[in-house]
Amino acid sequence: MEGSNMQRQVVYLKKCLFDQGYLDEQFHQLEELQDDVSPNFVEEVVTLFFRDSSRLIGIIEQAFKILLCRQKHPQDFHRLRTHVERLKGSSCSIGALKVKSECTLFGGYCDEGNMDRCLRSFQNVKREHAILRQKLEAYFQLLRQVGPSEKASGSGN
Amino acid sequence: MSSFAAGELMHVLAVDDSSVDRTLIATLLRSSKHRVTTVDSGKRALELLGLESDVNMIITDYWMPEMTGYELLKKVKESSVLRQIPVVIMSSENVPTRINKCLEEGAEDFLLKPVRSSDVRRVCGRMMMR
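Protein sequences, first through last, are from chains S and L. Per our numbering, residue 1 is the first one in the first sequence, and the count goes up by one each step. Per our numbering, residue 1001 is the first one in the second sequence, and the count goes up by one each step.
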């Protein structure tokens, strides 16, 4: 009984992630790559994402600190843009829809050379990144509790 | 470049500074049974290409620090030793001028990220028919 309740919770959690726009179809694509050889593939890829993206966010923060202390040059915004593109790319790859959308906006403001909007947009990127991390950690924790025999149905559409 | 008979599986060099995307593209390629080597930069790609002559295809991200995928493509196509290796570019942005620039420089294809298994099957299938 408890197992099926937890399985229902897993399904519900995942449905919410999609319904609320945190994840898109690409997450399903990752699940399709998961198999007996790589039974934790999705969680491993997501873990890699948060490791890399946290590092990138730190790099962007450092870049802003330097920029705020001196006169801005076009290549500064180009450098910011490059970092954002990398973050956007990996967000796309795990289906992190809201993070990707905020990165798109941020990239646009970099192209405009608008420092204020870049700063505000970056705060949105960080916020969505933190929320997604929290939600996915909860999801995978529950998935681990449900157990491997339930994972296949929990991962289904 | 190592030539291979039609239908043989390929050795693909995947180049991407993102560990997520390297993992993903490697998994997609390996699920089609191709041998994959991954590197995290254009510079490392060129180093490896200098050492290993059996790479049949390069698939590279566009946006990478220090050397973009486009710059890597140019270096491959400028090399008398490497120019025959097909190069496929990946990017998360659909920018027609960028796509055209890469195709004009000799890229075989341009894939939009996130790359799907159908993209990999299509591109690899075409290479193997050559």
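Hints in this document: simulated from the structure, not taken from any laboratory. Quick caveat: nothing in here was measured; it's all calculated off a predicted structure. By construction, the Cβ of each residue, glycine as well, lies at the ideal position given by its N, Cα and C atoms. Honestly, I wouldn't trust all of these hints.
Quick list of simulated restraints, FRET-style, between CB atoms [said to hold, decoys possible]:
1) L:L1112 <-> S:S38: 41 to 49 Å
2) S:E137 <-> L:G1125: 35 to 43 Å
3) S:E44 <-> L:L1103: 32 to 40 Å
4) S:F18 <-> L:L1112: 30 to 38 Å
5) S:A138 <-> L:T1037: 33 to 41 Å
6) S:K72 <-> L:R1083: 36 to 44 Å
7) L:L1051 <-> S:F18: 26 to 34 Å
8) S:K15 <-> L:M1129: 37 to 45 Å
9) L:S1117 <-> S:N124: 28 to 36 Å
10) S:S54 <-> L:P1096: 41 to 49 Å
Think about it this way: if two alpha-carbon atoms lie no more than 20 Å apart in a straight line, the pair counts; the simulated EDC-like pairs of lysine to aspartate or glutamate are [said to hold, decoys possible]:
11) L:K1077 <-> L:E1093
12) L:K1033 <-> S:D19
13) L:K1033 <-> S:D36
14) L:K1033 <-> S:E25
15) L:K1074 <-> L:E1108
16) S:K15 <-> S:E25
Here is how each hint holds up against the structure:
Range check, L1112 (chain L) to S38 (chain S): Cβ separation about 24 Å, and the 41 to 49 Å hint is violated. The beta-carbon spacing between E137 (chain S) and G1125 (chain L), approximately 39 Å, falls within the hinted interval of 35 to 43 Å. Taking 32 to 40 Å as the suggested C-beta distance range, the pair E44 (chain S) and L1103 (chain L) conforms, at roughly 34 Å. A hinted range of 30 to 38 Å for the beta carbons of F18 (chain S) and L1112 (chain L) is inconsistent with their spacing of about 21 Å.
For A138 (chain S) paired with T1037 (chain L), a C-beta distance near 36 Å keeps the hint of 33 to 41 Å intact. Under the hint 36 to 44 Å, the C-beta atoms of K72 (chain S) and R1083 (chain L), about 41 Å apart, fit the expected range. Look at L1051 (chain L) against F18 (chain S): about 45 Å separates their beta carbons, and that is not inside 26 to 34 Å. Checked against the hint of 37 to 45 Å, the C-beta distance between K15 (chain S) and M1129 (chain L) comes to roughly 42 Å, which is consistent with it.
S1117 (chain L) and N124 (chain S) have their C-beta atoms about 32 Å apart, which keeps the hinted 28 to 36 Å range intact. For S54 (chain S) paired with P1096 (chain L), a C-beta distance near 33 Å fails the hint of 41 to 49 Å. Taking the CA atoms of K1077 (chain L) and E1093 (chain L), the gap is near 23 Å; set against the 20 Å cutoff, the hint is violated. For the suggested pair K1033 (chain L) and D19 (chain S), the alpha carbons sit about 35 Å apart, so the restraint of at most 20 Å is broken.
Note on K1033 (chain L) and D36 (chain S): the hinted pairing holds, with a Cα-Cα distance of about 16 Å set against a maximum of 20 Å. Under the criterion of a C-alpha separation no larger than 20 Å, the hint pairing K1033 (chain L) with E25 (chain S) is inconsistent with the structure, at around 25 Å. Restraint check for K1074 (chain L) and E1108 (chain L): the C-alpha separation of about 13 Å stays at or below 20 Å, so the hint holds. Taken as a hint, the K15 (chain S) and E25 (chain S) pair is honoured in the structure, with Cα atoms around 12 Å apart against an allowance of 20 Å.
Violated hints, in rising order: 1, 4, 7, 10, 11, 12, 14; the structure is consistent with all others.
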